[in-house]
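**Student:** Sequence:
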Amino acid sequence: MNSIKNILILFSLLIFSCYEPKEKPDDFDQFWDDTLTELGTTVRYEVIKDSIVEDQKWTLNKIKSFQDVSFYAWVAEPLGDGEYPVKIKFSGFGRGNNSVSNIPHKWFLKNEESINMVVDIRGQGLSTEQIQFKGYLTKGLTDKNNYVYRGAYMDAVKSVDFIAEHPKSDGNIIVTGGSQGGALSIVATALNPKVTMSIIGFPFLTDMYHYDRGKWPMNILLRESNKKEIDLDDLLETLSYFDIINFAEKIDTPVFLRTQEIDTITPKEGAIKFFERIKSDKKEIYIENCEGHGCSSKSEVADKLERAFIKSNIQSH
Numbered sequence: 001m002n003s004i005k006n007i008l009i010l011f012s013l014l015i016f017s018c019y020e021p022k023e024k025p026d027d028f029d030q031f032w033d034d035t036l037t038e039l040g041t042t043v044r045y046e047v048i049k050d051s052i053v054e055d056q057k058w059t060l061n062k063i064k065s066f067q068d069v070s071f072y073a074w075v076a077e078p079l080g081d082g083e084y085p086v087k088i089k090f091s092g093f094g095r096g097n098n099s100v101s102n103i104p105h106k107w108f109l110k111n112e113e114s115i116n117m118v119v120d121i122r123g124q125g126l127s128t129e130q131i132q133f134k135g136y137l138t139k140g141l142t143d144k145n146n147y148v149y150r151g152a153y154m155d156a157v158k159s160v161d162f163i164a165e166h167p168k169s170d171g172n173i174i175v176t177g178g179s180q181g182g183a184l185s186i187v188a189t190a191l192n193p194k195v196t197m198s199i200i201g202f203p204f205l206t207d208m209y210h211y212d213r214g215k216w217p218m219n220i221l222l223r224e225s226n227k228k229e230i231d232l233d234d235l236l237e238t239l240s241y242f243d244i245i246n247f248a249e250k251i252d253t254p255v256f257l258r259t260q261e262i263d264t265i266t267p268k269e270g271a272i273k274f275f276e277r278i279k280s281d282k283k284e285i286y287i288e289n290c291e292g293h294g295c296s297s298k299s300e301v302a303d304k305l306e307r308a309f310i311k312s313n314i315q316s317h
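1 is the number of the first residue of the sequence shown in our numbering; add one for each residue after it.
Because the hints were derived from the structure by calculation, they are not lab data.
None of the values given here were measured: they were computed from a predicted structure.
Among these hints, one or two may not hold up.
Simulated DEER-style distance windows between Cβ atoms [to be verified]:
id	residue 1	residue 2	range
1	Val43	Gln315	21 to 29 Å
2	Lys24	Ile220	19 to 27 Å
3	Ser312	Trp216	33 to 41 Å
4	Asp281	Leu222	37 to 45 Å
5	Gly135	Ser312	41 to 49 Å
Idealized CB from N, CA, C, for every residue including glycine.
Kindly generate the complete structure, drawing on both the sequences and the hints.
**Tutor:** Put into structure tokens, the structure is as follows:
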């Protein structure tokens with residue numbers, strides 16, 4: 001009798017250990033459709049600062065976004081007449097700089113062949129008036145409707161709506177960024193049809209179920225879920241709504257993706273899985289033989305391939 005009982009216990013443990021929650025929730029598309037409806041398409045903003053920097057006009061804009069939270073974005077545009085492609089850069093995970101005089105990614109803004117936008121999503125850089133960066137990763141974790149990345153993803157979508165109205169835009173809108181910036185680029189592409197190309201690096205929050213649970217960021221999420229008494233399955237289900245891999249099938253525009261061979265924050269296997277699920281037939285991936293999150297950002301080979309990809313996929317008008 002005891003042997004049968006032990007077999008049953010072992011069997012149940014094996015079932016549990018092999019159990020994986022549904023990777024993509026049944027109502028994933030509906031959740032984001034409802035979120036987009038709540039966001040709306042109206043663009044409301046104010047110019048906080050403007051100046052002339054060499055042959056460009058630089059402006060700092062405060063843009064109203066999801067649930068009435070505002071975020072800031074720098075825009076640099078050529079002074080001359082004509083139409084130009086738009087490039088939007090999203091930053092990686094971090095506090096960023098909250099000083100108007102300390103402009104992020106100046107090198108990106110200074111590109112004189114395009115209209116350039118650098119975005120501080122809610123809780124990052126200048127956009128900390130309503131949401132602070134401290135504890136960012138776990139804000140609202142108990143409910144997918146209140147999780148901080150729901151609004152952060154909508155900031156990415158709204159930034160596209162904002163810049164798409166620029167009178168000098170030629171219709172090309174290219175989103176780019178690494179790590180969190182890569183994730184935001186992906187979401188902007190998946191949820192806003194105005195994006196025409198994505199240049200992505202080692203996207204954060206990709207294939208989260210298979211993250212190393214002893215390392216950042218999953219160890220932070222697990223610690224918070226234990227503190228808030230969130231069941232592991234409930235935590236994984238909530239995260240699945242924000243997992244970048246579940247946005248892949250919504251992307252049918254050109255995508256260039258770079259990543260690295262060894263990376264615990266964006267494991268190569270997850271990046272490849274995401275890439276394979278992208279609907280677009282115009283996609284390229286480059287994997288640098290290096291170790292460490294973001295090490296592929298220093299790859300000259302990737303830089304060359306990226307420039308060629310942009311040139312061959314930019315739309316002419």
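**Student:** Hint by hint, say whether it matches the structure.
**Tutor:** Hints versus structure:
no.: 1; hint: Val43 - Gln315: 21 to 29 Å; result: holds (22 Å)
no.: 2; hint: Lys24 - Ile220: 19 to 27 Å; result: holds (24 Å)
no.: 3; hint: Ser312 - Trp216: 33 to 41 Å; result: holds (37 Å)
no.: 4; hint: Asp281 - Leu222: 37 to 45 Å; result: holds (38 Å)
no.: 5; hint: Gly135 - Ser312: 41 to 49 Å; result: holds (43 Å)
This entry satisfies every hint, going by the numbered hints stated previously.
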